[in-house]
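Top line first, the protein sequences correspond to chains A and B.
Here this note's numbering is used: the first residue of the first sequence is 1, the next is one more, and so on.
Here this note's numbering is used: the first residue of the second sequence is 1001, the next is one more, and so on.
Since the hints were derived computationally from the structure, they do not count as laboratory data.
Fair warning: this is a prediction, and the values are worked out from it, not measured in the lab.
It cannot be assumed that every hint is accurate.
Lysine to aspartate or glutamate pairs mimicking EDC-like chemistry, simulated, CA-CA at most 16 Å apart [stated by the list, open to error]:
(1) K1229/B with E1053/B
(2) K312/A with D1033/B
(3) K1312/B with E317/A
(4) K3/A with E1025/B
(5) K1042/B with E1174/B
A few chain B residues that don't get close to chain A, going by computed Cβ distances all over 12 Å [unchecked claim]:
(6) G1044
(7) A1124
(8) H1126
(9) R1157
(10) A1179
(11) W1180
(12) R1207
(13) K1229
(14) G1233
(15) I1254
(16) L1318
(17) D1324
(18) E1369
(19) R1372
(20) L1377
Note that beta-carbon positions come from the ideal geometry of N, C-alpha and C, so glycine has one too.
2 protein chains.
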Amino acid sequence: MLKRRLFTPGPVPVPERVRLAMAREMIHHRAADFLPIFQHCKVGLQRIFQTAEPVLIFSSSGTGAMDASVSNLLSPGDHALVVRGGKFGERWAEICEAYGVRATCIDVEWGTAVDPARVRDALAEHDDIKAVYVTASETSTGVRHPIREIAEIVRERDDRLIVVDAITAVGVYELPVDAWGLDVVVSGSQKAFMMPPGLAFMALSERARRFHQSARCAHYYFDLGKEIKALDGDQTAWTPAVSLLFGLEEALRIILDEVGLEETWRRTERLAHATRESMRALGLELYAPDDPSPALTAVRVPDGIDGPALRKRLKDELGYTVADGQGAAKGKIFRIAHLGYFDRFDTIGAIAAVEMALASLGFSFKLGEGVRTATELLRD
Amino acid sequence: MLKRRLFTPGPVPVPERVRLAMAREMIHHRAADFLPIFQHCKVGLQRIFQTAEPVLIFSSSGTGAMDASVSNLLSPGDHALVVRGGKFGERWAEICEAYGVRATCIDVEWGTAVDPARVRDALAEHDDIKAVYVTASETSTGVRHPIREIAEIVRERDDRLIVVDAITAVGVYELPVDAWGLDVVVSGSQKAFMMPPGLAFMALSERARRFHQSARCAHYYFDLGKEIKALDGDQTAWTPAVSLLFGLEEALRIILDEVGLEETWRRTERLAHATRESMRALGLELYAPDDPSPALTAVRVPDGIDGPALRKRLKDELGYTVADGQGAAKGKIFRIAHLGYFDRFDTIGAIAAVEMALASLGFSFKLGEGVRTATELLRD
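Taking the hints into account, I'd like the entire structure generated from these sequences.
Structure, rendered in structure tokens:
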């Protein structure tokens, strides 16, 4: 009997209640019985994004909302600043290039967070930057970037935007959209929302909505103007992924009304902290030791151990699916998720599996030190 | 006890087996256990599109695939021909405009099909047209356009594309992509596929793939090149809507392996025919009497009856959700679906409900003539 357990930083496990909510009979998205479901989602998203501004819902992956954050806010030839310290920072630069936006990139060593002073310097050097694209939690490296500090710098002027990929940050830790003056914050359903992939979300400040009105990059499916207007009537511009919205309503109920948002942040941080300490107790090195995101822990594959073999043993023999590294970190790290529907016993199990896999591959360490460390840290 | 029944031409009812398939536990879309599911979907889509060419899967509504059919195939300033005889024909023109493609439109009276000679004349007049955008089944009017004849005209030259919105045609009636030489054919999950909304599909000829390579309209999320490459490895470029793919695999199994594609076309056509005849038996007029699509039947609200009141009575008192008209036909017609998970008893019930609603609103006719007609036509 091999039980399968999903520990990737998205998709994450989906609670049974959410999965069954998605199995309800289909209804029409323009009919009156859909409106209260949509309204619950709309208000719940504002709560989880900590904003009074509209939060748009797209039927797409998170990348779709990232696309819209360029194509709907800027014009060809506009100048943008991109913080690039992982695969998702790179994506901002690729999207800018696709739409003819000139991107000046701050390249940050993978596994480290950007120094906000570099953002200040770049903005001072380039007077014409209209938008700063950053990643809150860089899922490819496990790094948490200092969004609050960057936002303060961007906010020194009123004529530029801060746009945040918070795909593995919203619902993971505190990232208050309004209080920090963030203009655009993007997330996706298969992360802290404990949902399948297929929905993307975007909080949008009044300033960003003004930028949209003068933006001239080409776009059609992703159209913030159409979506804002539709949202006023509790609709989306195009046919929404109705069954996923059934699930979202239920997931938001669990997160916001039953568990609580602050408790969700606290739980995720505790799981992340315990995992980091347990990996250290095994003699493993973290990929992002100084600025870890609580969404996931990225662990260096130790010398002498083959990364793919480690993940294969975890998956095929122990039932645990953890993520490989991406891009430059492929094969060199493995990544364990904490965001979403995980509790301390899930996490202790995953640590035990890592220990067993390492032991069977001949890595030298004191078996049980990881789970002992985690059990102590997660006791109460 | 008021049972609710969905009779809109998308979303349509989803079979319980498909809904429960979507409720299975989440797995990772890059892991080996997802590959066979994706492969089944990929091959099944080729069968239902009747093509040996790749059929791409997007996480979006059908409009997303329509967007990609312009933004990924043409360049700003290119010249396109659009057949515009309803809301979805209008959408092709809007998308062209959004991407700076010059669209020459053939305006067709709503409720009628385009005369292929007009396409021939327009192509003769405009030597530089690179793509012809048409709608197979115009859901807003209930019209079926002569795609085969149009394709023959377009195919007289090899340097231009025929792009077909077949959102309510694929799986509804025969529309063989390869045999008719169609370059791009688009559909969506919430139609004949008996699925919730959230997935769009696109079959793509070798010629269309060549066009993509030189197309310069801006795009990122929708990227045919990235998707074709990913499809080769049984993947999508971005994280797919995994739970919807669980459902798609099951829905394709029902349509292709259990019911059969030809039987599905035959059933849909019979339901449509019986509905049209039963409406005539009630003294009602069809909106598309000469060129009806079997996907749905659009019926004119008779003089003296209020369209919204009729639909409200059907919904609130009888439990039947039918569609209003769209655009110019709003309030003037109602639309009953046949595509997807409907059988003859579902259809007879819907006809009975229409009769009861009309009678209660004071319309003068012989009650029961509709269901009698349908029962005769659907007897064996």
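Check each numbered hint against the structure and report the violated ones by number, ascending.
Of the numbered hints given earlier, those the structure breaks are 3, 5 and 17, listed in rising order.
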